[in-house]
Amino acid sequence: MFELTRDHVLSFLSPCEKGDWEPFGAALSPNVRWWIVDDEEDATTAAGVYNFITWTDKVRNPISARLDLSAPLNMKVDTLEIIGLKAIAECSGFAFQRNGRPYNNRFCWIFEFDPDSGIVLQIREYMNSALVREVMTAPDNL
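Numbering (our numbering), first residue to last: -13 to 128.
Calculated from the structure, these hints are not laboratory results.
Here a beta-carbon is modelled for each residue, glycine too, at the ideal position from N, C-alpha and C.
Treat the hints with caution; some may be incorrect.
With beta-carbon atoms standing in for the labels, derived distance ranges [stated by the list, open to error]:
hint	residue 1	residue 2	range
1	R87	N17	28 to 38 Å
2	T(-9)	D54	18 to 28 Å
3	D102	S56	37 to 47 Å
4	F(-12)	P125	45 to 55 Å
5	F(-12)	E26	28 to 38 Å
6	R46	A116	11 to 21 Å
7	T123	T(-9)	16 to 26 Å
8	N114	P58	16 to 26 Å
9	E27	E(-11)	30 to 40 Å
Listed next, the in silico DSS-like pairs over lysine-lysine satisfying Cα-Cα at most 27 Å (straight line) [as the list claims (entries may be wrong)]:
hint	residue 1	residue 2
10	K44	K4
11	K4	K62
12	K4	K72
13	K62	K72
14	K72	K44
15	K44	K62
Make the full structure from the sequences, and use the hints.
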């Protein structure tokens, strides 16, 4: 049986601090249930329920297209708590919008892990959806 540890979670979150998101994606089940803010999908706030592919297509790619990615999108783990097979990570993300305004979002991920493999099966994400709406609707971010 898999035992969830801080080291396991940090093995895929810490590389994000340097803009390397590959270990994060590799830690997720392809069928991960990724809930963001609300059950109802809203492209302007990133709200909805996704798997990794639909999250990439409907959340990551549209937001990334409105950010200045001449520097990598960096993320910092502010706090991390492990409770059984759940990890709660409070994080901060840092980037700039194409219009030059900062995109400094704070978010909380609640990860649920498979008891056998240790892969992430579910994510509940809470974030500043008003900031996402600003990024997605600002005409000067195109």
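May I ask which of the numbered hints given earlier this structure violates, with the numbers listed in increasing order? 2, 7
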